[in-house]
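Protein chains in written order, with my numbering: chain A, 1 to 265; chain B, 1 to 257.
Simulated from the structure, these hints should not be mistaken for lab results.
Cβ atoms here follow ideal geometry from the backbone N, Cα and C, with glycine treated the same way.
Any given hint could turn out to be false.
Restraint ranges, calculated between C-beta atoms of paired labels, are given here [said to hold, decoys possible]: (1) B/S62 to A/F175: 37 to 43 Å; (2) B/G74 to A/L151: 19 to 25 Å; (3) A/L4 to B/E184: 46 to 52 Å; (4) B/A114 to A/V103: 48 to 54 Å; (5) A/A21 to B/A168: 52 to 58 Å; (6) A/L242 to B/L230: 41 to 47 Å; (7) B/R18 to A/T97: 31 to 37 Å; (8) A/T97 to B/A168: 50 to 56 Å; (9) A/L151 to B/P155: 27 to 33 Å; (10) B/R186 to A/V103: 52 to 58 Å; (11) B/D167 to A/A75: 44 to 50 Å; (12) A/L68 to B/S16: 56 to 62 Å.
A short list of chain B residues far from chain A (calculated; beta carbon distances all over 12 Å) [as the list claims (entries may be wrong)]: (13) E30; (14) G63; (15) G69; (16) V81; (17) Q84; (18) L89; (19) V181; (20) P221; (21) V236; (22) E237; (23) Q244; (24) R246.
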Amino acid sequence: MGDLKSWWSYTARPRVLILSALGLIVLWELAVDFLRVPSFLVPAPSRVIGEILKNPMWYWGHTYYTLLATVLGFALAVIIGVVLAVIIVYSRTAEQTIYAALVALNSIPKVAIAPLFIIWVGTGFPSKVTMAAVIALFAIVIDTVLGLRSLDPELLDLARSMGARPRGILFKIRFPNALPSIFAGMKVAISLALVGTIVGEFVAASSGLGYVIVTAQSTFDTARIFASLLILAVMGTILFFLIDLLERWLLPWHASQRHQEQPEA
Amino acid sequence: MSPYIRVVKGSKIYRSRRGDVHALEDIDLEIRDSEFLSIVGPSGCGKSTLMRCVAGLAPISSGEIWLKGSRVDGPAQDLGVVFQRDLLLDWRTVLDNVLLATEFRGTRNAATEARAVALLEKVGLGAFVNRYPWELSGGMRQRCAICRALVTDPPVLLMDEPFGALDALTRDDLNSELQNVWLESRKTVLFITHGISEAVFLSDRVAVMSAKPGRILKIIPVALPRPRPLSIRDSVEFISITGQIRQVLAQAGAIKG
Numbered sequence: 001m002g003d004l005k006s007w008w009s010y011t012a013r014p015r016v017l018i019l020s021a022l023g024l025i026v027l028w029e030l031a032v033d034f035l036r037v038p039s040f041l042v043p044a045p046s047r048v049i050g051e052i053l054k055n056p057m058w059y060w061g062h063t064y065y066t067l068l069a070t071v072l073g074f075a076l077a078v079i080i081g082v083v084l085a086v087i088i089v090y091s092r093t094a095e096q097t098i099y100a101a102l103v104a105l106n107s108i109p110k111v112a113i114a115p116l117f118i119i120w121v122g123t124g125f126p127s128k129v130t131m132a133a134v135i136a137l138f139a140i141v142i143d144t145v146l147g148l149r150s151l152d153p154e155l156l157d158l159a160r161s162m163g164a165r166p167r168g169i170l171f172k173i174r175f176p177n178a179l180p181s182i183f184a185g186m187k188v189a190i191s192l193a194l195v196g197t198i199v200g201e202f203v204a205a206s207s208g209l210g211y212v213i214v215t216a217q218s219t220f221d222t223a224r225i226f227a228s229l230l231i232l233a234v235m236g237t238i239l240f241f242l243i244d245l246l247e248r249w250l251l252p253w254h255a256s257q258r259h260q261e262q263p264e265a
Numbered sequence: 001m002s003p004y005i006r007v008v009k010g011s012k013i014y015r016s017r018r019g020d021v022h023a024l025e026d027i028d029l030e031i032r033d034s035e036f037l038s039i040v041g042p043s044g045c046g047k048s049t050l051m052r053c054v055a056g057l058a059p060i061s062s063g064e065i066w067l068k069g070s071r072v073d074g075p076a077q078d079l080g081v082v083f084q085r086d087l088l089l090d091w092r093t094v095l096d097n098v099l100l101a102t103e104f105r106g107t108r109n110a111a112t113e114a115r116a117v118a119l120l121e122k123v124g125l126g127a128f129v130n131r132y133p134w135e136l137s138g139g140m141r142q143r144c145a146i147c148r149a150l151v152t153d154p155p156v157l158l159m160d161e162p163f164g165a166l167d168a169l170t171r172d173d174l175n176s177e178l179q180n181v182w183l184e185s186r187k188t189v190l191f192i193t194h195g196i197s198e199a200v201f202l203s204d205r206v207a208v209m210s211a212k213p214g215r216i217l218k219i220i221p222v223a224l225p226r227p228r229p230l231s232i233r234d235s236v237e238f239i240s241i242t243g244q245i246r247q248v249l250a251q252a253g254a255i256k257g
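Modelling step: build the complete structure from the supplied sequences, incorporating the hints.
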């Protein structure tokens, strides 16, 4: 009984989310019906679902393409971003060069540099991964730098009094201390990676949900656009919650999720 | 008994635009082997600065500090430090926190782990070995921090107002536990506090400091028999010593007599 109860409370958030989404869909269906909205403007949800069910494997193929590019781009951004952040925090020169360059680069709307990457990397799958990584990278670097820097100076004193070397301090204190901040960056970055993939697919592609949307637009196939949007929304939500789950699993100690049960002295 | 920690004409000057601040001025102090020495003084008298200098965490501006036979010129290796805040790492269990220093030194093994568990059991944390710091109360957290300082069995223990953040009753508990630990291990202890009663209860000698500049006004011996029960604080002898300390502080203008 206790397990069931804790499972029930643990799933409260997704349950509310799913229920409110379902409510919205019902409202949408009714609105389209009663207001007689032409389906080339806004198709009813039943038509959108029907569109997906008409050709599920075709949709899955494009979904898989977009999902893979997003996840690979995200992973690349996390690896490169964390390494860059460590270099920035430990080297003054790197801070003044790499960090400054990153901030300058970030002020360019990254959508605008997509065509450049198509020229450099080609129109294929790698350019989508690259776009996802480029857009996601900044969030990871910023939050990781912030996390690595937010070390209590007294903690550093403690480590030094124990004879710790810089490497030990990085791996045993500085890095674990930065993990909550890195996860905050990852939650932002996963959504950005999806944006990057879609932008890449808009510019030049022959697969992926971004490609499906662009081609459907040219034939006024609104149901197909909505079907792709629905899949993207579900994908984005699931990816976000997977990272949230990973955080809960890896950082049970993190302040935002600890229980407030304390024994007496 | 030979001096274990020796501070010779130690001065620490912080330079700022408004002029130099003499945090420490001409400190001469000797702490004998296996002696428990406390430093009491008003806040801002430089007692924490002195501890940081002895630990090698901050350089002194002039003078010398010796630990056993060697001059301190960087973080010293064979001492344990306890700070006012417990500074436990949230992501490590109690046991892993206590073993932190052994990991930095590459000496974590079955023997040091057994020692850590024994230390934790001694301070009543035997059942909390695998718990996380946020599951512990303030007093338990500071006990854990003391075990962490003792795990490498250093000959010297430096404590910077370790019980300053605790409530009075928990503080009493920890004072008497610290005495027991000290009686068993006989480490050389430099204990920084602003609690006069705490200093007298724990110490063999109490050094009284004044602020601006930070100077040692007087060193007062505490010749009370050990082990001391908490009730000794109500005895005439005890009160006469705390009275002496208050008088020294009042004469220096540090407190209102």
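Hint-by-hint comparison with the structure:
1. Between B/S62 and A/F175, the C-beta spacing of about 38 Å keeps the proposed range 37 to 43 Å intact.
2. Roughly 20 Å separates the CB atoms of B/G74 and A/L151, a value that falls within the hinted 19 to 25 Å.
3. Checking the proposed 46 to 52 Å range against A/L4 and B/E184 shows it holds: the Cβ atoms sit about 50 Å from each other.
4. A hinted range of 48 to 54 Å holds for the C-beta pair B/A114 and A/V103, which are about 51 Å apart.
5. Distance hint for A/A21 and B/A168: a CB-CB separation of about 55 Å, consistent with the stated range 52 to 58 Å.
6. At roughly 55 Å, the beta-carbon separation of A/L242 and B/L230 lies outside the given 41 to 47 Å, and the hint is violated.
7. At roughly 36 Å, the beta-carbon separation of B/R18 and A/T97 lies within the given 31 to 37 Å, and the hint holds.
8. Taking 50 to 56 Å as the suggested C-beta distance range, the pair A/T97 and B/A168 conforms, at roughly 54 Å.
9. The supplied range of 27 to 33 Å is met by A/L151 and B/P155, whose beta-carbon atoms lie about 29 Å from each other.
10. Take B/R186 and A/V103: their Cβ atoms lie about 57 Å apart, and the range 52 to 58 Å holds.
11. For the hinted restraint 44 to 50 Å between B/D167 and A/A75, the CB-CB distance of approximately 49 Å keeps it satisfied.
12. Our hint of 56 to 62 Å for A/L68 and B/S16 holds, since their Cβ atoms are close to 58 Å apart.
13. The Cβ of B/E30 lies farther than 12 Å from every Cβ of chain A, with a closest approach of about 22 Å, so its non-interface assignment holds.
14. For B/G63, the non-interface assignment is confirmed: its Cβ lies about 21 Å from the closest Cβ of chain A, beyond the 12 Å cut-off.
15. At roughly 18 Å, the least C-beta separation between B/G69 and chain A is larger than 12 Å, which holds for a residue marked as non-interface.
16. Non-interface call for B/V81 relative to chain A: violated, since the shortest CB-CB distance, roughly 4 Å, does not exceed 12 Å.
17. With a least beta-carbon separation of about 9 Å from chain A, B/Q84 fails to lie farther than 12 Å from that chain, contradicting its non-interface assignment.
18. Some Cβ of chain A comes within 12 Å of the Cβ of B/L89; the nearest lies about 7 Å off, and the non-interface call is violated.
19. The Cβ of B/V181 sits about 18 Å from the closest Cβ of chain A, beyond the 12 Å cut-off, so the non-interface label holds.
20. Residue placement check: B/P221 keeps its beta carbon more than 12 Å from all beta carbons of chain A (closest about 29 Å).
21. Taking the minimum C-beta to C-beta distance to chain A, about 31 Å, the non-interface status of B/V236 holds against the 12 Å cut.
22. With a closest Cβ-Cβ approach of about 30 Å to chain A, B/E237 is found to remain outside the 12 Å limit, as its non-interface label requires.
23. For B/Q244, the non-interface assignment is confirmed: its Cβ lies about 32 Å from the closest Cβ of chain A, beyond the 12 Å cut-off.
24. Every C-beta of chain A lies more than 12 Å from that of B/R246, the closest at about 29 Å, which supports listing it as non-interface.
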